[in-house]
Amino acid sequence: MSIDVTEVRRIAHLARLRLDEQELAGYADTLSRILGLIEQMNEVDTTGVNPMAHPLDMELRLRADAVTETDQRDKFQEIAPATEAGLYLVPRVIE
Amino acid sequence: MFKKSVAELAAALAAKEISSVELTQLFLDRIGQHDALNAFITVDGERALDQARAADALRGDGKAGPLTGIPLAHKDIFCTDGIRTSCGSHMLENFVAPYDATVVKKIDAAGMVTLGKTNMDEFAMGSSNETSYFGPVLNPWDPKLVSGGSSGGSAAAVAARLAPVATGTDTGGSIRQPAALCGITGLKPSYGRVSRYGMIAFASSLDQGGPMTQTAEDAALLLNAMAGFDERDSTSVNEAVPDFTAQLDQDLKGVRIGLPKEYFAEGLDAEVGAAIDKAIEEYKRLGAEMVDVSLPNSGLAVPCYYVLAPAEASSNLSRYDGVRYGHRAGEYGDLLEMYERSRSEGFGSEVKRRIMIGTYALSAGYYDAYYLKAQQLRRLIAEDFTRAFETCDVILGPTTPATAFAIGDKSSDPVAMYLSDIYTISVNLAGLPGMSVPAGFDSAGRPVGLQLIGQYFGEAQLLNVAHAYQQASDWHRRMPQGYE
Chain A
13 MSIDVTEVRR IAHLARLRLD EQELAGYADT LSRILGLIEQ MNEVDTTGVN
63 PMAHPLDMEL RLRADAVTET DQRDKFQEIA PATEAGLYLV PRVIE
Chain B
300 MFKKSVAELA AALAAKEISS VELTQLFLDR IGQHDALNAF ITVDGERALD
350 QARAADALRG DGKAGPLTGI PLAHKDIFCT DGIRTSCGSH MLENFVAPYD
400 ATVVKKIDAA GMVTLGKTNM DEFAMGSSNE TSYFGPVLNP WDPKLVSGGS
450 SGGSAAAVAA RLAPVATGTD TGGSIRQPAA LCGITGLKPS YGRVSRYGMI
500 AFASSLDQGG PMTQTAEDAA LLLNAMAGFD ERDSTSVNEA VPDFTAQLDQ
550 DLKGVRIGLP KEYFAEGLDA EVGAAIDKAI EEYKRLGAEM VDVSLPNSGL
600 AVPCYYVLAP AEASSNLSRY DGVRYGHRAG EYGDLLEMYE RSRSEGFGSE
650 VKRRIMIGTY ALSAGYYDAY YLKAQQLRRL IAEDFTRAFE TCDVILGPTT
700 PATAFAIGDK SSDPVAMYLS DIYTISVNLA GLPGMSVPAG FDSAGRPVGL
750 QLIGQYFGEA QLLNVAHAYQ QASDWHRRMP QGYE
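Line by line, the protein sequences give chains A and B.
87 is the number that this note's numbering gives to position 75 of the first sequence; each next residue is one higher, with no gaps.
423 is the number that this note's numbering gives to position 124 of the second sequence; each next residue is one higher, with no gaps.
Isolated chain B, as found in the complex (with noise of 0.2 angstroms):
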C-alpha cells in the first residue's frame, strides 16, 4: 500500500480499500521505523490523524476530492501553524509560526494530512542536505551519500515511502537536484506560479515552491491543489490555473525536444551521460523530434548565481534580530552586541558565508560591479532561452553532472559544492518552470535525474512530456533496497 502513488491511493481510498486513518498510521509507523534516515525534523502523529479522521468523515459525506486523505510531508520551510518551523537552522529551532503558508492552507484545504516536517538545508542553501543544524539526511539508496539539497528530507521521505509525497522549494536546483539524487520526481513551477506566502525567504526573485513525488501524474495533481494568484505575495502572478492533468496522456508525435550543447560538454560524468542519451532514444521512439540548440551564457549561470542569491539572502536574513522572534542569545551588553551575538549563534556557517557575500556585493562601492552585472547576466541566460523555444517546445538535459557524492565529500569547498549546481540555476534564473524525473542508474546503484525545461507557465506540457517517459519506463518505481 505504501509503494502507491497518489494517484493510485485515491482509487484505493474511494474504493474503500483503506481508511485514511490507516494508511495515515502506515506511514507514521514508516517513519519512525526508518528514523536513521533523518529525513524529518518534525513529526505530529496526532494532529496527523485528526486530519485523516476529518478526511475520512468527510468521504463518508461523499465530498471528498482527488487529494482528500493522502498523507504528505511538508519542507520545514513552509510556515504551519502550531508546528514549529525551522528552516532547518538553530535560528528558529523553537519557532512555532502563528500563521499557515498559503502553499500549507492550500494543501489542507484539498483534505490531505500532514505527517510532519521535513530536514533541509539551514534556510535552503546548499546542493546535499549537510548544512542542516539537525544534522545531514541519509540518501535511501546509499546510506553513506548525500540526499542532495536542499529539499533533502523531502527527496528522501519520498524515495523511501515515508511519505506518498512531500512539498519543496528550488531556488538553484532545490527541488530538482535532491529528486535526481534520490530518483524521485519533482517539479519547479514558473516563478510566480505558487503563493511564496509563508515559504521562509531566501532569494525572493528566484524562490519557488513546488511538488516532489513519484510520478508526473502526482505531480499534476499536487500542482493543481498548489498553484494559483495569491493577494498575500506581490511576486504572485495573475494566471488562470489549468487543470493540470488534462494534457498529461497527449502523444508526443511532432513535440521538439531541444538539447543544449552546453550540457553535454565536458563535466558531464560519462555514466549520467550515457542514461540521458538511452531516454532520447526513448523519446525519439515516442514520436519527438530532437531539435540542437544552444544556451551560450550557460557556463556564467552559476557565478551570476551565487552573486544574486547571497545579495537577496542577505537582505531577506537581516530580520533575524533576535527582537520578536528567533533566536536570542543568552548573554549580551548593548543591542549591537544582541543582533551580533544572536546571529551569530543562530546560523550556520555555509548560511554566514552567503550573508557575507551577499552583503559585500551590496555594499557601496561594489554594487554595479557584482550585484548590478550579474543582473544582466540574468537577462542575457533568460534571452538564451527564449531564443532556443523558438525552434523547441521544451529543453532536455542531465538534471545534475554526477550522480550522489559521499557525506563529507565536499563540504570543505563551497565553491565545488556551487558547481553541482550547474543544470539547474540558469532555470531559476530565467523564471522557467523545470522538472527532474528518474532515468536509471549508474554502475554503483545511484540515480540518475533527467532534466526537463519547459516555457514560461507551460507546466502543462512539461508535465506531459515527462509522463510520456513514465509510461515508456519503469525508473520512477524502482525502490532502494531495505525499504521495499
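One chain only, chain A, in its complex shape (with noise of 0.2 angstroms):
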C-alpha cells in the first residue's frame, strides 16, 4: 500500500504540522517504504491473540482524590512564551 500527496495533507493536518509543497512527495515516498515495512506484519495470523499494552497487562494505578501539589504558576510560567495576569496568550479563538 502506498500513501500519496492528498493522504499525506490529511495526516499532516491531524497531526498539526505544515509542510510545502516540495516536502509533501518526499514524505508520500518515505511514508510508503515505511508502510512497506510495517505491512510485513500481515504474514502473521493473529486471530484471537489477546493484544498486549502492557508487559504485566498492568491496569493503571489509581490514587486517592486528595490534593497533593501547591501552587508553582509563577515557577512554571517563567518559561511560558507569552503570558497575561497568570494565563497563557494564544491568539484569538472565539469571535
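Some hints here could point you the wrong way.
Claimed, not checked - Covered stretches of chain A, going by a simulated chain B footprint (3 or more residues, C-beta under 8 angstroms): (1) 23 to 35; (2) 69 to 75; (3) 93 to 105.
What the hints assert, rightly or not - In silico EDC-like links for lysine to aspartate or glutamate, alpha-carbon gap of 16 angstroms or less: (4) A:K87 with B:D399; (5) B:K302 with B:D773; (6) A:K87 with B:D380; (7) B:K303 with B:E316; (8) B:K577 with B:D741; (9) B:K405 with B:D532.
Hints were generated in silico from the structure; no laboratory data involved.
We put the beta carbon where it would ideally sit given N, CA and C, even for glycine.
With the hints as a guide, bring both chains together as one complex.
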C-alpha cells in the first residue's frame, strides 16, 4: 500500500504539521516505504490473540482524589512564550 | 585517574587519594579538551563543583555512600531543574524544566555530581545520533563513524572517559546499541523498574532509563540508585529493589544460556558473529551451559515496533504546541497556524516522519489494521521469550548486526536505519531487561557488543552473567586512541 500526496496532507493536518509543496512528495515516498516495512506484519495470522499494551498486563493504578500539588504557577510560567495575569496568551479563538 | 570505574573511584575517594572537587575538575577539563566529539549539549561546571564541594563535606562528616562525589552525565532527556533540557531538539532548545526527574533526584540524593547533559537523537528517535538538532556525536574510536543512538552522547562520553558513567534511555535499543558501537556497557532495566517521571516521553509503553558504564559492576551500583517504585509514574511497578551487586560474583556453573537461532542467521556481519562465537566459548569455560532456543516471531519485531513507537510518539509529542513552553513560531495568524508553524519549525524531519506514521496508524479506519495488529504481534513476541525462558536463564546474542557505520551512510533511507535495531527491539516490546557488553573488535578496530537478555525483574542474574564475562576478558578496559 502506498500513501499519496492527498493522504500526506490529511495526516499532516491531523498532526498539526505544516508541510510545503516540495516536501509533500518526499514524505509520500518515505511514508510509503515505511508502510511497506509495517505491512510485513500481515505475514502472521493473529486471529484470537489478545493485544498487549503492557508487559505485565497492568491496569492503571488509581490514587486518592486529594490535592497533593502546590501552586507553582509563577515558576512554571517563567518559561512560557507569552502570559498575562497568570494566563497563557494565544491568538483569539472565539469571535 | 579518569580511567577508573565508578567502583574504583569510590575507593580512591574513600582513601583520600583525590577529592570530589579535583575529580570533577579533571572531568570538566577532559570534556573541554574533547569538545569536537560533540558528546555534550550543556555543561554546568559551577553547579558541578558546588555539588562536589557538598560531597566532600559529606565525606568529611563520615556520611559518604558508594556513589558520593562521583561525577556523571545525564542524557539530555531527563528534566533537570535549573539546567536546560533540550531533548536534542530545536523545540526545547531553550527549555529549562521547573522540576527534576525522579532519576535525577535519586542520583543527586546518592551524592553524585552532574557534569552536564549529553547529546542525543532528537526526542530519542534515531539509531545514530545524527538526528540531533545540535549535530551528530562522533564515535571516539573513529570520528568518521556514528556513535549510535539515541543515547550517543552518553555512550561517547563514557567511551572517551569524559565521564565515568552516564544515564541513557532505551525504547528500541537506545542504550544498548550505542553502548555496542562505542565499546561500553549499557543496561536497559525491566519495564517499570526505573521511574519515567521527568524523563521526556517518546513511547510510553517502551521507554526505560538505565545506566551506561564501563563495567557491569558499575551498572549494578547505578541501578541500585536509579531503580524503585515511584508514585508519580503510573507505570512504575511496585517491586522490591534488591542490592544488584550482591549476586555479581556468583559462579556460572549450571547457568543456562539460550542462543536463539534467529539471532545467528543471515543479516549478521561475519566478524560480529565471530566475536560473539568467541564469547560463547568463554562462557562455556566459565561453566555455563548453552541451550538452543527459538524466537520465531523475531522477524516481525521491527515492523511491530515501527507502528507502536511512532503511534505512541505521535500522542506524546502532541503536547508541543507552542502554548505553554518550548518553541513558539515568530509569525502566525490564527491558532491553527501557530500550532502548525511552531511544530513544523521546532521538529526535525525524523521526528516529523514518525509523528506522521503514528498519526496515520491511529487514524480512523486504520487503527485495527496497524495499531491493534501490532499489539497482537507484541503478545506473540513476548510469549516467544516466555517459552524460551522455560529452558534457559539468560539469552545471548549480538547487540547489533554490524559495527558502527559512517556518518551520513544511512540517513537517506530511514528503513535501513530502522533495521539496525533488529536484535534490541524485541526486548523493549516484551518489557524484559537487556544489556550490551563489549566483546571485541572487528578488523577495522570497531567495537562489537554482546547482548544479554534477562527475565522480567531478573537484572541481578543478568548483571552476574555480564560481570563473569568481564572478569575473564578485558574488552571493557580498552580505550580509543587519543583519549588515553
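Okay, the hints, checked on the actual structure:
A count of 8 residues in the region 23 to 35 of chain A with a Cβ less than 8 angstroms from any Cβ of chain B is obtained; the coverage claim is therefore met, three being the minimum. Counting residues of the region 69 to 75 of chain A whose C-beta lies closer than 8 angstroms to any C-beta of chain B gives 4; at least three are required, and the coverage claim holds. Beta-carbon proximity to chain B at under 8 angstroms applies to 7 residues in the region 93 to 105 of chain A; the threshold of 3 is reached and the given coverage holds. Restraint check for A:K87 and B:D399: satisfied, since their Cα atoms lie roughly 13 angstroms apart, inside the 16 angstroms limit.
In summary, the hint linking B:K302 to B:D773 is supported, as the alpha carbons are separated by about 14 angstroms, within the 16 angstroms threshold. Of the pairs offered as hints, the one joining A:K87 and B:D380 holds, with about 11 angstroms between alpha carbons and a cut-off of 16 angstroms not exceeded. For the given pair, B:K303 sits about 13 angstroms from B:E316 by alpha-carbon distance, which is consistent with the 16 angstroms threshold. The hinted pair formed by B:K577 and B:D741 meets the criterion: a straight-line CA distance of about 13 angstroms does not exceed 16 angstroms.
Of the supplied pair hints, the one linking B:K405 and B:D532 holds, its CA atoms being roughly 14 angstroms apart against a limit of 16 angstroms.
The structure shown violates none of the earlier numbered hints.
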